[in-house]
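The whole structure should be built from the sequences, with the hints applied where relevant.
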Amino acid sequence: MKISVALAAKDGARYLPAQVASILPQLSEERGDELIISTDPSKDATTDIARELATQFSLVKYIQGPGRGVQANFEHAIKACTGSHIFLSDQDDIWMPNKIAEVLKEFEASNATLIVHDAVVVDEDLNQINPSFFALSRSKPGVFKNIMKNSFIGCCMAFETKLTSYALPFPQNLPMHDQWLGLLASRYLTVSFLPQQLIQYRRHANTSTTGTHAGVKQMVTWRCNILRALRKRNKELK
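Read in order, the letters of the sequence shown correspond to residues 42 to 279 in our numbering.
Rather than coming from a laboratory, the hints here were simulated on the basis of the structure.
None of these values were measured; they are calculated from a predicted model.
Among the hints, a few may not be true.
To be verified - Cβ-Cβ distance ranges computed for the label pairs, FRET-style:
hint, residue 1, residue 2, range
1, 123, 258, 36 to 46 Å
2, 125, 260, 32 to 42 Å
3, 279, 97, 39 to 49 Å
4, 184, 257, 15 to 25 Å
5, 260, 170, 19 to 29 Å
As the list claims (entries may be wrong) - As a list, the in silico BS3-like pairs of lysine-lysine whose alpha-carbon atoms are at most 27 Å apart:
hint, residue 1, residue 2
6, 186, 276
7, 203, 279
8, 273, 181
9, 186, 258
10, 120, 102
11, 276, 203
12, 203, 43
13, 203, 102
14, 258, 273
15, 181, 203
16, 120, 273
17, 146, 43
18, 190, 203
19, 102, 146
20, 258, 203
21, 203, 186
22, 120, 84
23, 120, 146
24, 84, 43
25, 43, 186
26, 203, 120
27, 190, 258
28, 43, 120
29, 102, 84
30, 279, 120
31, 181, 258
32, 190, 273
33, 146, 203
Glycine included, every Cβ here is placed at the ideal spot set by N, Cα and C.
Below is the structure:
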């Protein structure tokens, strides 16, 4: 079993080194694990840091992102992964030391294709805001539920590589890549919600998903977009 971590970064120089430092001790050179860092053009030293990390650590691989936004950047990173299991990572969180071990246990116990675990919500200085993201967002499985209110948070997700044959390429106009992955896994494969808090999930002004609610018009548009994308992909998969 080879683990790949797909990390998409942009303007994350302040946080990226600490995030990588929390991931690397959990990866195994013997297993052939890898940490893929894809960076979009940044106003700070994010790309320089990613390149330097790839020079310092053999398990880190740097790739230049497509520069088309966070979803395209994650897609780019996922496509570069060669492991049997892919973990998604934001640039600014902190992984608990047992995250990979606990998620791998859940893969074995549940036989799920995709696992999403809970998180402690913190501010930019790692002060706790909420002890449970699941409780805060009322996370639970189900296709309809997660079309109406998404529970699939990418930084808490890991999946078997076979999900990529369903999910890639990402459609245009997706509201969220993690919602897309979670819905396809729910529809065609199997999903497990793991109640352990396995990361410190930063919420701050520069977070790409801030947790604030969009307007009604935007929310309706997003749901229409995801429904259209699901119908189209369903036809393609038949």
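Practice item. Kindly indicate which numbered hints from before are broken by the structure, ordering the numbers from low to high. Key: 20, 24 and 25
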